[in-house]
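Asker: Each chain, letter by letter, is given below.
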Amino acid sequence: MKGAIVVKVDRCQGCKTCELACAVEHAKSQRLESAIHETPPPASRVSVEQGDGFAVPLQCRQCEDAPCVAVCPTQALHRTDPELPVLIDHDQCVGCHACVLACPFGVIRMDRHARAIIKCDQCYERVERGELPACVEACPVRALEFKSLDQVAREKRGAYLLQIERATDGT
Amino acid sequence: MTTTSESMEKQSADPVAREVLKKAQDAGMETAYSRHADQEPRCGFGNLGLCCRICDMGPCRINPFPGEGPRRGVCGATAETIAARHLIRQVAAGVAAHSDHGHDVVKTLRLAAQGKAQGYSIKDPQRLLDLAKEWGVKTEGREIADVAIEMADAALREFNNQEGEIRYPALRAPEATVKNWRERGILPVGVEHEIVETLHRTHEGVDADYVNLIMHGLRTSMGDGWAGAMLATDFGDILFGSPKPVRSQVNLGVLKADEVNIVVHGHEPTLSEMVVAASRDKELLDLAASKGAKGILVGGICCTANEILMRQGAPVVGNFLHQELALATGAVDVMLVDVQCIMPALVEHAEKFHTKVITTSKKARIPGAEHIPFDEAQAYDIARRIVRTAIENFPNRRVVDIPAGKTDLVAGFTVQNTFQHLGGRYRSTFRPLNDGIISGRLRGVAAVIGCNTVKKTQDDSHLKMVKELLANDVLVVMTGCAATACAKAGLLQPEAAEKWAGAGLREICEAVGIPPVLHLGSCVDNSRILVALCEMIKEGGLGDKLSDLPIAGAAPEAMCEKAIAIGFYCVASGAYVNYSPAMRVLGSPVLTRFLTEDIEAIVGGKFNFEDDPIKAAHLMMAHMDKKRAALKLRPLMYAASFLTDGKDAPTAAPETAARAERPDPGPAQPARGCAGKRS
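Residue numbers (my numbering), protein chains in the order written: chain X, 1 to 171; chain F, 172 to 850.
Hints should not be assumed to be uniformly reliable.
What the hints assert, rightly or not - One-sided and incomplete, this derived list gives chain X residues near chain F with beta-carbon spacing under 8 Å:
(1) 15
(2) 16
(3) 17
(4) 20
(5) 21
(6) 32
(7) 33
(8) 36
(9) 41
(10) 42
(11) 43
(12) 44
(13) 112
(14) 113
(15) 138
(16) 140
Bear in mind the hints are in silico, worked out from the structure with no lab data behind them.
Predicted model only: the values in this text are computed from it and were never measured.
Even glycine gets a Cβ: it sits at the ideal position worked out from N, Cα and C.
Go ahead and model the full structure; you've got the sequences and the hints to work with.
Answerer: And the structure:
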């Protein structure tokens, strides 16, 4: 995969701007003012959830060994290219909802209006054009980031080193 | 923030502004444009009017996508209720701003009449006597001061009346319009009465009916156009003198490298009039000379500029988005501010240059600015102190870089002097205007007013819209920053008729000797436009109510609550108003439809939210043509009709026309994006 959508939970203010940006990105008109008049109404693939004292946007984790792909009887859910996220072919999908049941995170859902299974596609078309996923670009407090897992791990190591230094300094 | 020429073009249509912006931004100076970029992305809920911050159980947000997320706030308020409540709060704030301004002008007149306001006198006693006659106040055998005090007391009661109705509508508006206002119950009891009621109605758990809320918004706004602002204009003319057509210049190039430059910015004329007077004080001119300055220049920004332009012919430094650019010239020794449209950012720039920012109103202080409290009793002394501060700051200038660009203009038109222009000195009448419309030389009259906004290219929409209207034989009247925008582009010169006006409008302008664009003053002077419309009905031949007139209004670069209030009283007065960028109502298609369609059957006017200035001009002209057809006026002599066969008007973009039933976009298809085809 080119990258992962990473959430900095301590930054998220719960404003739901990512939800609107996601729906607009998946709308025909690509503009909020006109998107709200479209049929079927565009739906967001990310949802901001309230935790105990914190808010967090949740979207598909793009699992390497994805239960949704494994369970899909028509292979509508697929990942043919390891560089791409898990995608759905709506022509193949029969709407059996097995993926909704199988997903451990509850981030695949049935869009009742479009009568289609929807999930985060990491805005792969945008990413191919060198842009960030819509939710990441829209976040006003930069709680959402798009980066490679290598980068995530490197940052984690850096933070851990700092922790060790502080511990040895006694500060 | 990039500073490519492309981004400059997006920021301003004014080449002088671009020149200064480029230098300012290259030097790392923050501007409204860079702060605008930093604010992106804006919150979609807020933009659409779907975020309710009224009670502490919230903030609540309504999801604009049908079937997605909550449809109601904690209390059960729907999108309609939430958007309508917030909108009329904005109306009330706008009305409050204009009315507080009017209130201060009336109070200053009262103090002047009592001899308690230093430096002020009643400059136009005839205007006072005419107004007294209109109001039924006895004038014979009385001292002017005595009449002024009685008039001021009567005017102050307009603000806090607790019963009856405000005075001007019945005195000035056509009978049929007043009758409709009374039947619809939208005549205010008093200005403040309706503002208080707006705040009550929109408090948690009170009015939830969007129609009832908007009707009260209309009632509240009438207290602006037909009371607060109208009093500000009338009493301003009495106190400071009625404007007469005057030549002046506009844009940053009016600043002088070898003179002390004082920029007055804000809205009220009271202090700025005194500063203009003090700048002509011999003693202060001598002091300036001793510091090496050749003179003292007082120029204005925003509506203060328009007030002193109209009455003193003072040069205009620029409109709203010029305020930071003026400081960037390094040539402003004092920026004197009072109230409204003043960016707190000025103070930070002032540190970088040598400019002293001086606040003067108890209502508007800015941390970091020097505060010299204004007091009518010592107004002239305070003005002298401010001018002295500027002179003493003149030697502290660092790098001075004033752009060359400036443009000539003619301003100073009023209902009273337009009478004379149209009819000649001995035959004051609106007849030639009405005849021009009736004969089809003129299509109608458009008022293009309002602000600048960083959400649209500075001046661009004003210029495109006004040029399109002129080319199609529409006489344009302007106020505020809109007028300044057109002044900068040379549209406020008599020669503009030759360049931009259609054949019919050009004939009128040449016959009467007026520019095709008439500058009527500051934003409170929009009341002059209302009075002019009343005169057109009185003159005869154009129907019996204000909504019969082939007229339209527009605020193509609106940004503040005052603009919303003006839009509301224009619609309440029967005008078609194009307002852009849209008010925060688009998240409720039902409310949007009410404002853009249903409201017309109630008050005769309605809103439209078209962003494209050319399309908006066409919609405005289609409305004028509809009114011309209803009046059975002759076809236009030169210009083409904008009425299309079988339709009243060209349709606006779906999101701006915003029907309650959503337009059919064709067969349902899976949303784009996540449907990746297997290869």
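Asker: Can residue 41 of chain X be said to touch chain F, with a Cβ gap under 8 Å?
Answerer: holds, 4 Å
Asker: Can residue 36 of chain X be said to touch chain F, with a Cβ gap under 8 Å?
Answerer: holds, 4 Å
Asker: Would the hint on residue 138 of chain X stand, with a C-beta cut-off of 8 Å toward chain F?
Answerer: holds, 5 Å
Asker: For the hint on residue 20 of chain X, does the least C-beta distance to chain F fall short of 8 Å?
Answerer: holds, 4 Å
Asker: Was the hint right that residue 43 of chain X lines chain F, CB cutoff 8 Å?
Answerer: With a closest approach of 6 Å, the residue 43 of chain X hint holds.
Asker: Tell me if the interface restraint on residue 15 of chain X is satisfied: Cβ within less than 8 Å of some Cβ in chain F.
Answerer: The hint holds - residue 15 of chain X has a Cβ within 8 Å of chain F, the shortest such distance being about 6 Å.
Asker: Using the nearest Cβ pair, does residue 32 of chain X come within less than 8 Å of chain F?
Answerer: Nearest chain F Cβ about 5 Å off; hint holds.
Asker: For the hint on residue 42 of chain X, does the least C-beta distance to chain F fall short of 8 Å?
Answerer: holds, 6 Å
Asker: Any CB of chain F closer than 8 Å to the CB of residue 16 of chain X?
Answerer: It holds, given that the least Cβ distance between residue 16 of chain X and chain F is near 7 Å, below 8 Å.
Asker: Please verify that hint: residue 140 of chain X, Cβ, nearest Cβ of chain F, below 8 Å or not.
Answerer: holds, 6 Å
Asker: With 8 Å as the cut and Cβ atoms as the points, is residue 113 of chain X at the interface with chain F?
Answerer: holds, 5 Å
Asker: Closer than 8 Å between Cβ atoms is the bar; does residue 44 of chain X clear it against chain F? Give me holds or violated.
Answerer: holds, 7 Å
The earlier numbered hints are all upheld by this structure, with none contradicted.
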